[in-house]
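Once you've looked at the hints, dock chain B against the given chain A.
Heads up: the sequence lines are chains A and B, in that order.
Letter by letter, the first sequence follows residues 115 to 279 of this note's numbering.
Letter by letter, the second sequence follows residues 115 to 279 of this note's numbering.
Think of the hints as simulated: they come from the structure by calculation, not from any bench.
All of these numbers come straight from a predicted model, not from anything done at the bench.
Virtual Cβ for every residue (Gly too), placed ideally from N, Cα, C.
Chain B is nowhere near these chain A residues, computed Cβ spacing over 12 Å in every case:
#, residue
1, G135
2, R138
3, Y139
4, Q161
5, S176
6, A182
7, P184
8, T279
Below, a sample of chain B positions facing chain A; criterion: calculated Cβ distance under 7 Å:
#, residue
9, M115
10, L117
11, L125
12, H149
13, I209
14, C215
15, A224
16, R228
17, A239
18, A242
19, L247
20, T258
21, V263
22, K270
Protein chains: 2
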Amino acid sequence: MQLKNQVEWALHCCAILAGLGADRYLPTRDLAELHGVPKEYLSKALQALSQAGIVVGTLGPSGGYRLARPVGSITFLDIVEAVEGKQSSFVCTEIRKNNPCRGSMSPAAAGDGRPCAIARVMWEADRAWRKSLEGVTLADLAKTLEKTVPASLWKKTAAWVEERT
Amino acid sequence: MQLKNQVEWALHCCAILAGLGADRYLPTRDLAELHGVPKEYLSKALQALSQAGIVVGTLGPSGGYRLARPVGSITFLDIVEAVEGKQSSFVCTEIRKNNPCRGSMSPAAAGDGRPCAIARVMWEADRAWRKSLEGVTLADLAKTLEKTVPASLWKKTAAWVEERT
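The shape of chain A in the complex, shown without the other chains (with noise of 0.2 Å):
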């Protein structure tokens, strides 16, 4: 089970926008080429981002992409969620109900009105993997990026940024 390549660029991308400066934008093809990614799968998660309320898209020769929000209200959850959708990673097809052994029962004698205790228990794994994913916000991020990318790098990546906005 494996998450898509979008989330990881979405939340690459989110780590760069998170340092733009106020009604600052920064093009999908300058995104692109930061992260080594290509433009045109790139969009499509700029896209879903967008959709999400996550960032905002202006178009025309100086268009690109800013956070909508605050860094401190988006969380990694915010991000993974937008790329990969709400769904638990476990789906129940409910094959407790092709026991033959339910002959003419009704779906109530049968217990069908419980949810089958095995999704339950892979529901439960789901939602903490998504409260870990949401105890995180780009803020924190920022936090930890400043602290552990040599600062040489960060200063010229910044710099890189502030150009093409």
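Here is chain B on its own, set in the frame of chain A:
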């Protein structure tokens, strides 16, 4: 991001095998009939469980599968990883290395020795998912099923299974 159907099937099969008497084996065709799933695809899931040391299979006319270990020592994580593998749901492709601002920086100077801060958050969430799955054994599941599956269906199913072992 979705788990394979075989994860659901493997979990249901293990729940049934958890109820078998000592040294009893249940054939694949009966496991397939009980769950209403295609025998050929179910065989692959059972083989994956066998390779992971969760079930033991025997060949021949009275062949089939039983659990390889006590129910208290088999977790949901064991079963999920047998089918899906142990690789994290997030694969870091190191797109930070494509940053044109790195220029002629050495990998060490660019901070490559430290894992990407984005990947670390994603890996932590994957670990939270696995930890949740690791916290539930087949013994726990059996207790829940005994409480939640209606008694008449529970007995009929146990008798149906026993006849075929």
